[in-house]
Amino acid sequence: MPDMRSNTAIKALFAVLFSLLVTGCILSLVGIDFIRSFGGYEHNYDSYQQTERYQSYLQTNGFTAQIEFENAVFDIINPIRYLLPWLCSLSALIAVAVLVYLLYAAGHRPGQSGIVLSTLDRMPLELFILLVAIPFILCIAFGLDLSYYVEPFIYFCLSLPLLIICTLLALLFLLGITVRLKAGGWWRYTLLYLICRTVFRFLRKTIGGLGRGIRNAIGALPSLWKLIAGFSTFTLVNSLLLMAMGGTTPGMVLFWLPLTALVFAWLCHIVLMADRLKLGAERLANGELDAQIDTTHMHGELLQHAENLNNIGHGLARAVEARIKSERMKTELITNVSHDIKTPLTSIINYVDLLKKEDIEDERVCSYIEVLDRQSRRLKKLTEDVLEASKASTGNMAVELARTEVAEMLNQVAGEYAERFADAQLHPVIDISDAEGSVIMADGRLLWRVFDNLLNNICKYSQPETRVYFSVRHSESEVMIAMKNISRDVLNISADELIERFVRGDSARSSEGSGLGLSIAQSLTELQGGRFELFVDGDLFKAVLSFPRCA
Amino acid sequence: MMSNILVCDDERDIVSALRIYLTAEGYQVFEAYTGSEALAILEKEDIQLVLMDIMMPGMDGITAISRLRQESNIPVILLTAKGEDTDKVLGLNIGADDYVVKPFNPVELLARVKAQLRRYVNLGGMMKKQADESVLCVGGIQLDDAAKQVTLDGVPVSLTPTEYDILHFLMKNPGKVFSSTQIYHEVWQNPAYGAENTVAVHIRHLREKLEINPAEPRYLKVVWGQGYKLEGGTAHA
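Top to bottom, those sequences are chains A and B.
With my numbering applied, the first sequence covers 1 to 551.
With my numbering applied, the second sequence covers 1 to 237.
Hints listed in this document are in silico derivations from the structure and should not be mistaken for laboratory results.
Since this is a predicted model, take the numbers as computed values, not measurements.
Please note: incorrect hints may appear among the correct ones.
[What the hints assert, rightly or not] 30 Å max Cα-Cα, derived DSSO-like pairs, lysine-lysine: (1) Lys325/A with Lys380/A; (2) Lys114/B with Lys229/B; (3) Lys330/A with Lys88/B; (4) Lys229/B with Lys172/B; (5) Lys484/A with Lys460/A; (6) Lys460/A with Lys221/B; (7) Lys88/B with Lys391/A; (8) Lys380/A with Lys221/B; (9) Lys88/B with Lys380/A; (10) Lys229/B with Lys176/B; (11) Lys381/A with Lys221/B.
[Claimed, not checked] Which bits of chain B does chain A cover? Going by a derived footprint, with three or more residues having C-beta under 8 Å, they are: (12) 10 to 16; (13) 100 to 110.
Virtual Cβ for every residue (Gly too), placed ideally from N, Cα, C.
Looking at chain A on its own, in the form it has when it is part of the complex (with noise of 0.2 Å):
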């Protein structure tokens, strides 16, 4: 079939065979009519003669032409007169059956599947329809025209070619039609349509672009004009309402009122918008990361606004989880390191101690040992220290928080030193006459390493034969600890400075102690929600501990 229907020849040859069998049936029809204008088909020159059309040729002069042409196809339709109806209905049959070939196989083409538009089915409908229409038009007038001219013999050999030819313009016609509907969305190639699409289209960029521009310029202005704009409008459309209305009673009910409701409605809208603003900012403010402002029926700025503030809760909780990552995992490497240094140091003692242990005259060989032995005791000292002091400031240590006499707890922390207070020959001033009713929740164990570095460096860097001022005094909320002594050597730092980790004063350098003690004493303090300050004032060396009190 494929075949059948895109071959050209068989076409052209079916084209011609259609225009050929619609001029015979037409020609046959004006046969019949011809013969039935003579009278029917029971008739001979007498009856014609009888006709009125043959007495009216005869009244009007000059017809005898017409007359003869007239009888002499009378001589050659009249034996064939009964023929004529059947050669008529079966050109016409066949005609119908090649236009249904013709259209079923238009627009195929060979070598090519699918509908084939030609240049011709691409141009405007309107155009094509001008361009079939008018010769057809031309030709119908032009033959209807030329029967006044020439004589009839003449007349019948041209018209029949400008009848084949109005029968191909038809036939060229319908497929042209057919072809459009086949091929689908025959509207995309009329005039119409290409007029409205490019109306619509500049319109639509027109309008469009000054729609985004203003939008885009009124987006720009800040705030404040926005609001003095649309408040003007307002204003303006408002008089000018009342004006229009003369401030009659139905003007106000029809326009004023709902503009003026409208617009408090919006106030409205506006103002809640704001309020949950404000609510998911101060959430955000408090630390709840993972707040989220709800932007469902939020526009314009307040929207942006909206958005802002829920990106910001995203990237800090992003950021304060990577940092609370980061920090336990600093956390492990330093237990796992302090852990794995341990084993080898244990060794390192244990053979320094055998070392001390042997019977060795040579002096030398005996300070070195002594070297040996003092690094190795400060070196583990150093890795304890390491170890505790990056757990208590990342808070990685378990607070168990009881009530704790601050007196009870001096007297404790006095008597656990007063050896070492007699070594270093200081004297110890304990004042807890203000002591009654100190208490607070604290975690003994913790709290006795923050005295415990506290009173170590100033056994350790005390003036000898200086005393020291221990003192507890309480506010209504809070209850203060405070540590006074008096440093041997110049302070030639400051006091934040020597809570850095690792910091010591110069003549610290060469002694014993890792320089983490201060810093671990302040952050076991805020563990326990203490606050740890450190005062110097010349060579006055003060160290403040604050605990809320416990009722």
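For this one, chain A is given, so just place chain B on it according to the hints.
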């Protein structure tokens, strides 16, 4: 009596250092480098005490001790680089009697070994003595009020009269926390006016005499900010 001690640690240097210390004290030392080696030796030999490392390749110390505990109740001292409280609790719960954190002081370790051995060997005798009313007993501490004598793991401890009175008072009420004021009031029979830290000094001396490591006491514990108490627990976890 010469005791057999099993030392188990994957660090050979530590094992040989311990062997030197322990042989110097007259103990027979067996060496193992993994948990399974230790268990094998324990089956063959007559061992009185085990020093066991926790982190070892193959079978670790915790597993080895839980296996050992199914068979025997000989004293076990853990040697560990892990100083975390949770590790200590785990070790003691699994059946260890004591532990020493690395890097340890050899003197302290030897003292703990001796204490554990004395308690293991004298355990039966102590049970019998407890029937006597004038004898108070908390953990390895015995106080014979009739003889005014105190022994720690069977070894006499010399105390001053004040220290003795404080200890006596605390042993009568084991596990209870007393503040310095209460202790002063009980022992001195006087109200304490600003003399509380005398109690703290005496307690410190007492602790130095009774504890192997006074910084981590087993019996005489400081409850910071509240007072002191005497407990019979194996350790200070």
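Hints versus structure:
1. Lys325/A with Lys380/A: With Cα atoms ~28 Å apart, Lys325/A and Lys380/A stay inside 30 Å; holds.
2. Lys114/B with Lys229/B: Status holds; Cα separation ~25 Å.
3. Lys330/A with Lys88/B: holds, 23 Å
4. Lys229/B with Lys172/B: This hinted pair holds, its Cα atoms lying about 11 Å apart.
5. Lys484/A with Lys460/A: holds, 14 Å
6. Lys460/A with Lys221/B: holds, 26 Å
7. Lys88/B with Lys391/A: Given pair Lys88/B, Lys391/A holds - Cα atoms ~17 Å apart, limit 30 Å.
8. Lys380/A with Lys221/B: holds, 25 Å
9. Lys88/B with Lys380/A: holds, 19 Å
10. Lys229/B with Lys176/B: holds, 6 Å
11. Lys381/A with Lys221/B: holds, 23 Å
12. 10 to 16: The restraint on the segment 10 to 16 of chain B holds, since 3 of its residues have a Cβ under 8 Å from chain A and three suffice.
13. 100 to 110: That given contact holds, which follows from 5 residues of the segment 100 to 110 of chain B lying within Cβ reach (below 8 Å) of chain A.
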